[in-house]
Amino acid sequence: MSKVKLPRKSTAIDMTAMCDVAFLLLSFFILTTKFKPNEVAQINIPSSTAQLPLPDKDILLIQVEKGGKVFIGVDDQNTRALWLAKMAEHYKFKVTATMQHNFVVLDSYGVSASQLPQFLALSPEELNKVKQPGISMEVKPPNPSEFMDAILFARQSNPKLRIAVKADKEASYEDVNEVIAQLQERKVNKFNLITSGRAANAESANKE
Amino acid sequence: MAEMNTPESGAKKGKKKARSKKSSTRVDLTAMVDLGFLLITFFMLATTFSKPKAMEVNKPAKDKEKTEDLPEIKQSKTYSIVMGKNDMLYCYTGASDDTSIKVDSTFFSRTGIRAMIKQRQLEVQQQWGDKDELFVMIKPLPDSKYRNMVDILDEMAITGVKRYAIIDEFSEIDKLVATKSGNRLISEKGMQAINAEIAKTGIK
Chain A
29 MSKVKLPRKS TAIDMTAMCD VAFLLLSFFI LTTKFKPNEV AQINIPSSTA
79 QLPLPDKDIL LIQVEKGGKV FIGVDDQNTR ALWLAKMAEH YKFKVTATMQ
129 HNFVVLDSYG VSASQLPQFL ALSPEELNKV KQPGISMEVK PPNPSEFMDA
179 ILFARQSNPK LRIAVKADKE ASYEDVNEVI AQLQERKVNK FNLITSGRAA
229 NAESANKE
Chain B
300 MAEMNTPESG AKKGKKKARS KKSSTRVDLT AMVDLGFLLI TFFMLATTFS
350 KPKAMEVNKP AKDKEKTEDL PEIKQSKTYS IVMGKNDMLY CYTGASDDTS
400 IKVDSTFFSR TGIRAMIKQR QLEVQQQWGD KDELFVMIKP LPDSKYRNMV
450 DILDEMAITG VKRYAIIDEF SEIDKLVATK SGNRLISEKG MQAINAEIAK
500 TGIK
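These protein sequence lines are chains A and B, in that order.
Numbering-wise, our numbering comes out as the position in the first sequence, counting from 1, plus 28.
Numbering-wise, our numbering comes out as the position in the second sequence, counting from 1, plus 299.
This is chain B alone, in the form it adopts within the complex (with noise of 0.2 Å):
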């Protein structure tokens, strides 16, 4: 039917068709691309690239039968640094006269705490002919942030010192630094616990 209804410059087109074309092999690839890139996107949105890396640490065991004196460090080998808030340092060589003792202020960076670190690293080495003889206490306060601690031991891995702890307990000229610093000394909890007990005391 359909044909009839064609009309005869159609028809003659038709016949001109006939003879078979050579077609392309060329097939259109856009949509191909499309879809392509459209999972690239999927996947790279998907993918956790970076692999999370592990810093290992040891701590010492907590014994609480065994209490025997540990040999004690000569304060010439030591070297304390305070972990304050907003990434503050006080850094300082212990000396056997307290007065005597000079604390300095940093930050963290590679002229900051790093050089500090390399100086007293030279330092033990002139007086003790080792520097591996050097002894940090690490001593944050509890308004310091987790990254302190991540970034102290991080400069202790990169300074190469070996021999290093971090310290909970407070000496006295750690607490004098906290406090003119503006810093907490007590954390929260601990303030809590110790009201809790007063009250408990108060009332027997």
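Extracted from the complex, chain A is given alone in its bound form (with noise of 0.2 Å):
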């Protein structure tokens, strides 16, 4: 009885088709993808059935923070430019380059006014570091808080601004309604509130 010689196989795999579906995710990929901006908080937003898709353009976005910290920003740069000069106009400090690059490039912001001319000094890589407290809610009587000043700057620097709230779904009632309240003091009374979809349960709701 002769051996039965096994015939020796190549391990080389054709790769070409698992080439092409690498590809293919790769451009579905770069095609869709959004990049993530920079976040100063972290925020977990409630889900809810709105359909209605957030506008990318000519938002005042107001991120409100489990703790209760309120940060601000816009989305257009020339619109930060022109608000970073009316804030330094209000509160009386010069606006030097560096400190007008920061602010244009920060999505958003939460130090109060005092704080904010030091806090544009810093080099970049600080400003990441930087742990910001939040805008003050404070409002001392007859002056409305900074965080309406800064609501009413936004607007002023541009009319078009739709106003979004991003708040942690954990955050308290307390805390957001007096964003709310405080937005209202400035004749804001239509806003968004900002929440991830759920679809199917609107669905079978109706169904029932």
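Heads up, some of the hints might be wrong.
Distance windows between CB atoms, simulated [unchecked claim]: (1) S55/A / T347/B: 12 to 20 Å; (2) S470/B / V132/A: 46 to 54 Å; (3) D333/B / V123/A: 42 to 50 Å; (4) D333/B / S224/A: 30 to 38 Å.
Dumping the calculated SDA-like pairs for lysine to any residue here, alpha-carbon to alpha-carbon at most 20 Å [as the list claims (entries may be wrong)]: (5) K474/B / K218/A; (6) K188/A / K215/A; (7) K218/A / M455/B; (8) K97/A / E202/A; (9) K197/A / M387/B.
Quick caveat, the hints were computed from the structure, so don't treat them as lab data.
C-beta atoms are modelled at their ideal positions from N, C-alpha and C, and glycine is treated no differently.
Both chains are sitting in their own frames, so use the hints and assemble them into the complex.
Here it is in structure tokens:
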């Protein structure tokens, strides 16, 4: 009996198909991607059945963190520059080129007006490291709060701004209500609450 | 020089190789696949997939000068939902006689608050002939979470309640419900303001 010789097969596999798939997926992700903005606050947004997509232009974003810290920012860089100029005029500080650059690059900020010049004078690396304390919501009776001022100046810089509130789902109602109440003081009665989608629930409810 | 050093056997082989061989056109794609998947992972992690949705909220304009009386809503058309801590809801139907009010406690769920709103819609439809006559008063206590507010607004959209309002003033019944369920009625900030006020008047 002669031994059956097993033919030696090469271990090389044809990678062409796999390569095709990989690059197909890659091109899909490249085309659909929109980079996450550098976030100042960790916010878990609640979900709702709202279907309205958030407009991507002319947004004044108010972020409320779990602990009640408030951050604000606008999406457009020209508006940011104007906004800073208005605040500098009101709080009487001088804007240097670096400060302006830092502010224009910043997605949203949350420091009080007195700290703002000092904060913006930092280098970009330091700027990202600093824990921002949130904008002051305190109203000292004749004067409005710094938050209200910031809203006013932002809307003066770009009257088309729409206001979106992005609050953490665990934030207390009190804090969010304070933001809303102060917005209403500034005659903002229409605004958007940012939520993540949850579609199936609504349909099943309607079927019932 | 190197040629001189080569042994004969090698030279023979070389001679054989000299006949041009048909080389395969296959390229090793492994490295390319590796690179492809590496980039995919990067883009997958860097991308934000679900676009956030916006829930539109319209609040009634605050008008300090205008204090004309608004027409009162009949108690039998109302439904009050008090939102407390730990996602609890306390709801009751308004009545002209406060003693006959029954307060239900419930949760956010399809069988909980949603069923109750639907039940109430039916009742209003039977009594008034139109379920849109129902007026829901949402009263969040300071201990409730922002999520509760979004959920209840969502619930309004799902059940199709046309008329509702978030109200920050509490009636006697709401106050009773809040204290009985262990919720605070006044927020911490409100408390501080009151204490400050007391201190001020005390000094004077």
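What are the numbers of the hints the structure violates, in ascending order?
Failing hint: just 5.
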